[in-house]
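Here is how the chains run, residue by residue.
Number of protein chains: 2
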Amino acid sequence: MVKQRLMTPGPTEVPEPSLQALSRQVAHHRTPEFRRLMAEVLEGLKCVFQTANDILVLTSSGTGAMEAAVVNLVPRGGKAIVLESGKFAERWREIAERFGIQVVRHQVPWGQPFQADEVARLLEDHPDAVAVFATLQETSTGVGHDIQAIGRAVAGKALLVVDGISGVGVMECRTDAWGIDVLVVGAQKALMTPPGLAFLAVSPAAWKQIESISRPAFYFDLLAYRKALSVPETPYTPSIPLVKALAESLRLIRAEGIEAVWARARMLASATRVGVEAMGLRLVAQRPAEGMTAVYFPEGIDGKAFLDRLHQRFGVKLAGGQGPLKGRIFRIAHMGLLDELDIISTLAGIELVLAEFGQPITLGAGVAAASRVIAETGKA
Amino acid sequence: MVKQRLMTPGPTEVPEPSLQALSRQVAHHRTPEFRRLMAEVLEGLKCVFQTANDILVLTSSGTGAMEAAVVNLVPRGGKAIVLESGKFAERWREIAERFGIQVVRHQVPWGQPFQADEVARLLEDHPDAVAVFATLQETSTGVGHDIQAIGRAVAGKALLVVDGISGVGVMECRTDAWGIDVLVVGAQKALMTPPGLAFLAVSPAAWKQIESISRPAFYFDLLAYRKALSVPETPYTPSIPLVKALAESLRLIRAEGIEAVWARARMLASATRVGVEAMGLRLVAQRPAEGMTAVYFPEGIDGKAFLDRLHQRFGVKLAGGQGPLKGRIFRIAHMGLLDELDIISTLAGIELVLAEFGQPITLGAGVAAASRVIAETGKA
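Going down the list, the sequences are from chains A and B. Quick note, the working numbering runs 56 ahead of the 1-based positions in the first sequence. Quick note, the working numbering runs 56 ahead of the 1-based positions in the second sequence.
Among the hints, a few may not be true.
Heads up, the list lumps identical chains together, so a pair's fine if it works in one copy or across two of them.
Stated by the list, open to error - Cut-off 25 Å, straight-line C-alpha distance, at most; resulting in silico cross-link-like pairs (BS3-like, lysine-lysine): (1) Lys102 <-> Lys283; (2) Lys135 <-> Lys373; (3) Lys283 <-> Lys143; (4) Lys283 <-> Lys382; (5) Lys143 <-> Lys382; (6) Lys102 <-> Lys373; (7) Lys283 <-> Lys360; (8) Lys360 <-> Lys143; (9) Lys264 <-> Lys102; (10) Lys360 <-> Lys373.
Quick caveat, the hints were computed from the structure, so don't treat them as lab data.
Using the sequences plus the hints, can you model the full thing?
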């Protein structure tokens, strides 16, 4: 019997009340009861996203909501700037290209963040760009982007679309104050709900653009979702149990307070970084995000074998690398239900398996360093 | 306290083991355990769909899978025949038009079925049509179509695409034997799983067409789903708990046997029809389906008030009408977990509320007639 510890940056552990909500018998969704639940969920999401904009609930993975953002904002032949430095930013480009959009591709090496002044320059060079597609927390590298600064650079020049799928609900994100026109969020990350729902927050400026173009979309036609908001409901049958579970998870987040959730993640991220660096390991991200940490394996370690052993020995499930980082890095989440002792035990598991793999490691060094960060934050 | 009785043609009641599966803690999906579950689910769906074709699992409502079928098969400017006689058949046309497909619209009045010889004539007039879009059980009218005969008319001339969202798993449907090239199915109907998953069964001929065109799709690009089948997994994060629940529901269906499930539905449908006709009510469908029955309200009844009262008094949730039938009909499901006594109690509830609404009704007449059908079938 191995105790399971899900430490991946999505899916994340689902809290007990949300699991219980999932197992309630399905009731019909075209009812006053379900409409009340939808209204509560929309209110909760507005609080977490820090927005007064319309929120649309899609039954799909996060990728479906990314596609919805692309095809509803930029017509075939239209121009879009994609800030690309990781697997999920690449997805923005792949979707846009699939729909015949002219992509201005701004690449920086994986692990590096974008600079707002570069974005400003791109917009000067491409004043006809409809939108800038960015990423809050790039899950493939653990980079956290300065969306606030990028928002200032984009304001008044184009629409700002942000993939907040894994970042929102764990990293500070102020949709309205930072000028995010379309925010895309997934249920199965910091919102502690099983996968199957995705959300878009759409600004009035984005709606104006959406109304002005025709789109190759039916299931992802956002105008149908806006129309259904007046009830509130969804145009097509939503995943009823997932909406119920989300309502419970949002209650937990609001009870803690979104600012407190962000602060907790900041502390866990800091403890994790200090801990892995004390083990002599190197971070992937030059500007680390707060919902997860990506770390290079020491030279000579077989990444897949390491992660398999960690999972088999201690039930600790971490994510490996993707694309060019496959086999070279591991990724630890600190979003959702996780607390200080989850981070400590994960670090301890990593130390023990590194030792097993013959690495010259001082057992306890990473754990001790992380504990000191936790103690310091407790004092503040 | 009112006992809830969900008698709508989707969502349907979810069996206890499936509800319990939903509430198990979420585990990661890129694991051998989840792949084994996916393999089991694909095997179960093949049995229910009666096919050896590839089966693709989408995290979306059934409408998403309909869109996937349209955009992957018919290019912009290509021609498709849509057999249209209800709200869901209309959706085929709406999706096709949205994507710039030339639609040959074959309409018959709502409540009437299509004739295979008409389909054959349409194909003679339009030999360049890529596909014929049909519906197994038209949920808005309760018509069941003769897909076997239509399949013979279409064979070798075009691809046959069938919306089996609400019909498959309750009405006889032999995908391979009847020549269905793309079958679309939803989780939340006869498959007794909460909404949020949809399925496509794709024939080799359909794959050939899919490979030959480019498509305005990313999330719904079926080639990505086919590629992931080799693992088996899905290209984007699937709704993990829904897959677990589906596995349980499929186990129940396979334990009963798909032929036995069809026979049970045939009997429940027959008892329902005889029961409502014994109350003096009139059926909507000229060729009734076996997963549901649509019935006209008597003249002078306020449909919404009637359904609200039935739900409030006895917890019996029926569906009302859609489009031109709104307020004029009610719809009873007999798919999924429902048995003889569920049908009897629903008919009794309808009788009692009709009497309350001042209708000249002989209490027990409908129930007695339905009971006789049940007793007869038991003898056979």
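Hints, one by one, checked against the model:
1. Proximity of Lys102 to Lys283 under the C-alpha cut-off of 25 Å is restricted to the intra-copy arrangement: shortest distance 18 Å within a copy versus 37 Å between copies.
2. Proximity of Lys135 and Lys373 under a CA criterion of 25 Å is satisfied in neither setting, with 40 Å inside one chain copy and 49 Å between copies.
3. In this homomeric assembly, Lys283 and Lys143 come within 25 Å of each other (Cα to Cα) only across copies, at 18 Å, whereas the closest approach inside a single copy is 33 Å.
4. In the homo-oligomer, the alpha carbons of Lys283 and Lys382 lie at most 25 Å apart only across protomers (19 Å), although the nearest pairing inside one protomer, at 43 Å, exceeds that limit.
5. Taking the shortest Cα distances, Lys143 and Lys382 sit within 25 Å of each other inside one copy (11 Å), while across copies they are farther apart (47 Å).
6. In the homo-oligomer, the alpha carbons of Lys102 and Lys373 never lie at most 25 Å apart, since the shortest distance is 31 Å inside one protomer and 32 Å across protomers.
7. Taking the shortest alpha-carbon separations for Lys283 and Lys360, only the inter-copy value of 22 Å comes in at or below 25 Å, while the best intra-copy value is 47 Å.
8. For a Cα distance limit of 25 Å, the shortest separation of Lys360 from Lys143 inside one copy, 19 Å, qualifies, whereas the shortest one across copies, 50 Å, does not.
9. For the homomeric pair Lys264 and Lys102, the shortest alpha-carbon distance inside one copy (20 Å) is at most 25 Å, but the shortest distance between copies (45 Å) is not.
10. Proximity of Lys360 to Lys373 under the C-alpha cut-off of 25 Å is restricted to the intra-copy arrangement: shortest distance 12 Å within a copy versus 51 Å between copies.
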